[in-house]
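Visitor: Just so you know, the sequences run in chain order A and B. Counting from 1, one number per residue, gives the positions in the first sequence under this note's numbering. Counting from 1001, one number per residue, gives the positions in the second sequence under this note's numbering.
Hints are supplied without guarantee of correctness; some may be wrong.
[As the list claims (entries may be wrong)] If you anchor each label on the Cβ, the simulated ranges turn out as follows: (1) A:Glu368 x B:Ile1017: 53 to 61 Å; (2) B:Val1024 x A:Gly546: 34 to 42 Å; (3) A:Gln578 x B:Ala1020: 45 to 53 Å.
[Claimed, not checked] BS3-like cross-link-like pairs, simulated, lysine-lysine; straight-line CA separation at most 30 Å: (4) B:Lys1073 x A:Lys597; (5) A:Lys597 x A:Lys460; (6) A:Lys582 x A:Lys597; (7) A:Lys597 x B:Lys1010; (8) A:Lys586 x A:Lys597; (9) A:Lys518 x B:Lys1006; (10) A:Lys518 x B:Lys1010; (11) B:Lys1006 x A:Lys586; (12) B:Lys1010 x A:Lys263; (13) A:Lys460 x A:Lys321; (14) B:Lys1010 x A:Lys321; (15) B:Lys1073 x A:Lys321; (16) B:Lys1073 x B:Lys1006; (17) B:Lys1073 x A:Lys234; (18) A:Lys518 x A:Lys586; (19) A:Lys321 x A:Lys39; (20) B:Lys1006 x A:Lys321.
The set of hints was computed from the structure by calculation and includes no laboratory data. Here a beta-carbon is modelled for each residue, glycine too, at the ideal position from N, C-alpha and C.
Below are the chains, spelled out letter by letter.
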Amino acid sequence: MKSTNFIDNLPRVYGIYTGGFIGFIIIMAIAEQMGMTAKAIGIAFVAFTVFIYALIGWLSRTAQADAYYVAGRQVPTVFNGMATAADWMSGASFVAMAGGIYFKGYGYMALLVGWTGGYVLVASLLAPYLRKFGCYTVPDFIGTRYGGNLARFSAVVVLTVASFTYVTAQINATGTIASVALDIPFQYAVYIGLISILLCSMLGGMRGVTWTQVAQYIVLIIAYLLPVFWISNKMGAGFFPHFMLADEVARIGELESQFGFVKNSAADLATVPKGLAGITKAHSAVNATPWAFISLALAMMMGTASLPHVMMRYFTTPSVKAARKSVGWSLFFIFLLYSSAPMLATLSKLSLIDPTLSTGIIGKSVAEVQAIDWYQNWNSANLMFISDFNGNGTVELNEFFMGGKAVVLATPEIAGLPYVISGLVAAGGMAAAMSTADGLILAIANAISHDVYYKIIDPKAETAKRLVVARVLLVVIGFAGATIAAMEIQGILGSVIWAFDFAMSGLFFPLVLGVWWKRANRQGAVAGMLGGLAAGTWYLVWVRTGGSGFLGITQLTFGIFGSAVSLVAMVVVSLMTQEPDKATQKMVDEVRVPSGKTILGKQ
Amino acid sequence: MSNQEKHWEKSRGLLMITLAIWFVFSIGIFLFGAEMNEVTGPFGYPWTYWFTCQGSLGAFVILIFWFANRQEKIDEEFGFSEREDE
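Okay, chain A solo, but in the shape it has when bound (with noise of 0.2 Å):
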């Protein structure tokens, strides 16, 4: 990819891959029409699209350090806020947030403000100022401004944990994805995922990525509205959904009021395969406290500033104000999902408890609903299960369940839309993880060899090797993260709420008061994080160890301790030590003005 030539194309590239992959579910339809196989769609969706994926990287192969660690800064806003986007919405987004909503409301859109409302802090806060740094990473930025290894080393620590817990969560889900499209055993799809992801960000660092990440984001979006505006069109619930459930979700508190939300005993609980939920919360009500809203939506927001995979995308952008704007951007394409899958949760919901529609299986007789194809699929598949705990022969609302995932890879079968749709979805789900972890890989592997090798161990180190040691890391974390994952430890959400958690613990404070505190100093950052990561993680050990927590902090929002910890500790280490000397005061002058050189220039 020749640069500048490359860059002006940008929009007919893109438009072409849009046109080519909409070609590509079409004749999908066609062949699906002429008799070809769900499983040999499925198959060709997800060979199709991650061998697009693979060419981009392999085309965007580089031997430039600037290239390879931040696009050669010259990303248009509006591209890297795709790119953004697709880095940012991850498996969990794409798969889990829909049934999350699905199954409990209110308490859990806390996560659509957090994860949204966080950008703001992104723009005002930080995003802007470290473009005008010039640095690769995040720790790069934190090791310049307080200089000292001890401060540089610290991010890198708080980095790794944070984005090494997500990491494993999104190529457990690469390799869900993959098994089911490619119909083999998960410990081997885990590996088939990796070497997906691997293959977007190897030859090409961040060059690779950002632009895999754009066309990921292209199959992502298609892939997650097709479905929505066309069961809701099939249903006749509007053309527009956004603007026209009004009545729909009307309809479903009058569901609920009407059958009640029935607790089921423990002993009949038990019965219900692991992983499957009932609905037993409010779907449009206010059902959680301010402060549960509140906490867990502030806790996402901090995080959402503090993730270096997310702060990373701003350094691709060609200047401080195209950095600004791009947040922006990066907002707006997310909320085009975010904004959906409320809608999705509903009509599924609706699609199922409502008895007045042909889909409904609540009030059929058990016998009915156990002919159903598509409940014999999904069921098979340990994602749906009914049982008549009462006895009397029909399905109530407490006696169906249904995994989180179900609500976005089943709805589109329930509603009875061709199976290309669910191949679709299938290659969607996988953009979005694949997407994602390429980015936090990234993230970890450049933060290790950029400040640790260079900066700490051999700082003569030439660049061909520097990139050697960036991509032998790559992989190895790369096999690192797929082994734990392989062995399927922790469900995917959790730990993808742990992982902001544990940056915003570490990491808020030191970066924000390193820009907007002069007198913020390197002895006040090194306690800032290593206090704030002890602390949020000793919480989060104590809460899951039996520990009673206080102040209404749960292990979904821990990072709210540990940040309070981090940001009292810098400040009083900070106080009680020397200030930073006048030329860190000079940098930090400099960082706050767009013109000028970049403090650390070409590196």
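Dock chain B against the given chain A, drawing on the hints supplied.
Guide: Structure of chain B alone, referenced to chain A:
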């Protein structure tokens, strides 16, 4: 006060306004979630529900673009905006 100090003071003012608006849409509304949800809002959804689905999310998008434009104006005013060739 030097030119740069004035620039930073104005930038900090903009930050405060931005964070105040951010606070309203991310926290303020949800302090009164239960009360506000009783009222019918845009497109017929209950108010609080609508904010969690679309309202707050959309407000953040608009807020970031507004902030970026205002900050650009401040940078220009004090002669700190980037030259195109940089």
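Visitor: Now, for every hint given, state plainly whether the structure supports it.
Guide: Checked hints:
{"no.": "1", "hint": "A:Glu368 x B:Ile1017: 53 to 61 Å", "result": "59 Å, holds"}
{"no.": "2", "hint": "B:Val1024 x A:Gly546: 34 to 42 Å", "result": "38 Å, holds"}
{"no.": "3", "hint": "A:Gln578 x B:Ala1020: 45 to 53 Å", "result": "34 Å, violated"}
{"no.": "4", "hint": "B:Lys1073 x A:Lys597", "result": "20 Å, holds"}
{"no.": "5", "hint": "A:Lys597 x A:Lys460", "result": "24 Å, holds"}
{"no.": "6", "hint": "A:Lys582 x A:Lys597", "result": "19 Å, holds"}
{"no.": "7", "hint": "A:Lys597 x B:Lys1010", "result": "22 Å, holds"}
{"no.": "8", "hint": "A:Lys586 x A:Lys597", "result": "14 Å, holds"}
{"no.": "9", "hint": "A:Lys518 x B:Lys1006", "result": "16 Å, holds"}
{"no.": "10", "hint": "A:Lys518 x B:Lys1010", "result": "17 Å, holds"}
{"no.": "11", "hint": "B:Lys1006 x A:Lys586", "result": "16 Å, holds"}
{"no.": "12", "hint": "B:Lys1010 x A:Lys263", "result": "57 Å, violated"}
{"no.": "13", "hint": "A:Lys460 x A:Lys321", "result": "33 Å, violated"}
{"no.": "14", "hint": "B:Lys1010 x A:Lys321", "result": "17 Å, holds"}
{"no.": "15", "hint": "B:Lys1073 x A:Lys321", "result": "11 Å, holds"}
{"no.": "16", "hint": "B:Lys1073 x B:Lys1006", "result": "14 Å, holds"}
{"no.": "17", "hint": "B:Lys1073 x A:Lys234", "result": "48 Å, violated"}
{"no.": "18", "hint": "A:Lys518 x A:Lys586", "result": "9 Å, holds"}
{"no.": "19", "hint": "A:Lys321 x A:Lys39", "result": "48 Å, violated"}
{"no.": "20", "hint": "B:Lys1006 x A:Lys321", "result": "19 Å, holds"}
Of the hints listed earlier, those the structure fails to meet are numbers 3, 12, 13, 17, 19, in rising order.
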